[in-house]
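Enquirer: Given next are the chains, with one letter for each unit.
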Amino acid sequence: MSKIHVTTTINGDESEFLCTPGETLLDALRNRLGLTGSKEGCGSGDCGACTVVMDGQMVCSCLVLAAEAQGTTIDTVEGVAEGSELHPVQQKFLERGALQCGFCTPGFIVASKALLDHNPDPSETEIRYWLAGNLCRCTGYDKIVRAVQDAAAELRQERTPA
Amino acid sequence: MPSQAYHAPATVDEAVALLSGEPDARPLAGGTDLIVQMKSGRNAPDAIVDLKHIAALSGVHRNGDGFAIGAATACTALKNDAALAAAWPGVVEAANLIGSVQVRNRATMGGNLCNASPAADAVPALVAAGATCLIAGPAGEREVPVEQIPIGPGHTSLAPGEFVVEIRLPGQVAGGGDAYLRSIPRTEMDIAVVGAGVNLVLDGSGTCTAARVSIGAVAPTVLLVEDAAAALIGSKLDDAALDAMGKAVSAACNPIDDKRGTKKYRIAMVAVLARRTALIARERAGAAS
Ligand SMILES: Cc1cc2nc3c(=O)[nH]c(=O)nc-3n(C[C@H](O)[C@H](O)[C@H](O)COP(=O)(O)OP(=O)(O)OC[C@H]3O[C@@H](n4cnc5c(N)ncnc54)[C@H](O)[C@@H]3O)c2cc1C
Ligand code: FES
Ligand code: FES
Numbered sequence: 001m002s003k004i005h006v007t008t009t010i011n012g013d014e015s016e017f018l019c020t021p022g023e024t025l026l027d028a029l030r031n032r033l034g035l036t037g038s039k040e041g042c043g044s045g046d047c048g049a050c051t052v053v054m055d056g057q058m059v060c061s062c063l064v065l066a067a068e069a070q071g072t073t074i075d076t077v078e079g080v081a082e083g084s085e086l087h088p089v090q091q092k093f094l095e096r097g098a099l100q101c102g103f104c105t106p107g108f109i110v111a112s113k114a115l116l117d118h119n120p121d122p123s124e125t126e127i128r129y130w131l132a133g134n135l136c137r138c139t140g141y142d143k144i145v146r147a148v149q150d151a152a153a154e155l156r157q158e159r160t161p162a
Numbered sequence: 001m002p003s004q005a006y007h008a009p010a011t012v013d014e015a016v017a018l019l020s021g022e023p024d025a026r027p028l029a030g031g032t033d034l035i036v037q038m039k040s041g042r043n044a045p046d047a048i049v050d051l052k053h054i055a056a057l058s059g060v061h062r063n064g065d066g067f068a069i070g071a072a073t074a075c076t077a078l079k080n081d082a083a084l085a086a087a088w089p090g091v092v093e094a095a096n097l098i099g100s101v102q103v104r105n106r107a108t109m110g111g112n113l114c115n116a117s118p119a120a121d122a123v124p125a126l127v128a129a130g131a132t133c134l135i136a137g138p139a140g141e142r143e144v145p146v147e148q149i150p151i152g153p154g155h156t157s158l159a160p161g162e163f164v165v166e167i168r169l170p171g172q173v174a175g176g177g178d179a180y181l182r183s184i185p186r187t188e189m190d191i192a193v194v195g196a197g198v199n200l201v202l203d204g205s206g207t208c209t210a211a212r213v214s215i216g217a218v219a220p221t222v223l224l225v226e227d228a229a230a231a232l233i234g235s236k237l238d239d240a241a242l243d244a245m246g247k248a249v250s251a252a253c254n255p256i257d258d259k260r261g262t263k264k265y266r267i268a269m270v271a272v273l274a275r276r277t278a279l280i281a282r283e284r285a286g287a288a289s
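Taken in sequence, the protein lines are chains G and W.
In terms of this note's numbering, the first sequence has 34 at position 34, counting the first letter as 1, and numbering is strictly consecutive.
In terms of this note's numbering, the second sequence has 237 at position 237, counting the first letter as 1, and numbering is strictly consecutive.
Where hints are given, some of them may not hold.
[As the list claims (entries may be wrong)] Taking lysine-lysine and the DSSO-like style, the derived pairs with C-alpha atoms no more than 30 Å apart in a straight line are:
no., chain 1, residue 1, chain 2, residue 2
1, W, K39, W, K52
2, G, K3, W, K259
3, W, K264, W, K39
4, W, K259, W, K247
5, W, K263, W, K247
6, G, K3, W, K52
[Unchecked claim] Selected chain G positions facing chain W (Cβ under 10 Å, derived; list incomplete):
no., residue
7, F17
8, L18
9, T20
10, T24
11, G41
12, G43
13, L63
14, L65
15, L115
[Unchecked claim] Chain G stretches covered by chain W per the calculated footprint, using a threshold of three residues with CB under 8 Å from any CB of chain W:
no., segment
16, 67-81
17, 126-135
Please keep in mind that the hints were generated in silico from the structure rather than gathered at the bench.
All C-beta atoms in this analysis are idealised placements derived from N, C-alpha and C, irrespective of residue type, glycine included.
Let the hints inform the model, and build the full structure from the sequences given.
Expert: Here it is as structure tokens:
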């Protein structure tokens, strides 16, 4: 079986890797590029732990073939913080205790940031529907929703000129 | 996950050649069914032919009074097309009940149709709307009504090498309105226990002059129920007409018992759901006339 050569932009940097035709993007990120932030909770699109943003749209990387990443731009949880400075979504997850085991957290962080990137002031209902594809077995979701609301409020303040 | 080759053709002709050239080549649209099936071993294609790089297959285009939706267009993009969402809200809503935001950013209506699940959410809405699909294959192109594609769970009437290029919707007429509802135990991320799509046209007096009623998850394929439409046509959707429609959809069912619902429940529920759907379609038709 011949390997496929893929060139993509990941978290702003040009990357290349070789993959097999049936390999998923999640496996390529984790096993070929060492980007183990994205998690495999289910491998079937149900849990969202593998969420990444591909050409501006959030997707389950377990349901994308690595070969499909050719020429795309991919943002993973590793690119959310700016160096050692946490993104407000990450900071508020910490402050609100919106994580316990943390397995679901990378997916929630990527999905929550994607929501706020396109809707700076979501209602609680909008937050809950947007995050319906991310499962958490520990927190009960409420703390996650509060963290997203806090992060939204902080980002709106940052955007408003003083 | 086995698969011997991945191809990303740029034209319809190349895709036809690839799909008819390999013994078990499969088209790939969003992959939200196919990749899951490849992982579980239910499907082990020799080659994958990714349709998303064919320009003609992406996006929503005007087609006379109606619309041509490229088969590789993700469900999220349908919502972003204001004219389509205004003309066919039932179809756009049905496609946007599928899965989660992550899933809808990839999943297509063409994949929903060709996966041939009896519970596919977009399909009853498309059937009710009178949608057709343009198919390309080794013998050239043909256009067939959407309801003729699925022939049983997981099986379609597509010949080897054929694939859906676009889904075509007519223009919605004055006084027309469509709707789709499904019943699930949760609010998101579940598979329909029962689904119903209704498209109808009202004249100035509120009398129904045309209707199509389609039901999902209650038979091996999505069904177009002509008796149910006949019960509505000529009426003002009074209780008697809605009851008759409900009886017709229940009579058309041939459901299974499974963990999501019993046969008995599905047969009873489809009448309730079709009625609710018809009332939403009526409201939309009234607003459009
Ligand atoms: C977490 C999750 C939740 C889901 N929830 C729902 C739901 O609520 N409702 C629902 O209906 N479905 C649901 N699905 C199933 C799936 O998302 C839909 O059926 C979706 O529309 C499939 O589209 P796709 O583009 O991803 O298809 P793919 O997986 O790419 O393809 C599906 C099948 O169709 C064939 N195919 C694809 N495109 C074409 C074409 N143009 N011509 C010929 N054959 C083609 C493929 O070869 C394959 O056999 C869910 C899936 C997941 C993972
Ligand atoms: S690992 Fe991809 S959705 Fe669960
Ligand atoms: S914190 Fe454990 S699954 Fe969410």
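Enquirer: Are any of the numbered hints broken by this structure? If so, which, sorted upward?
Expert: 2, 3, 7, 8, 11
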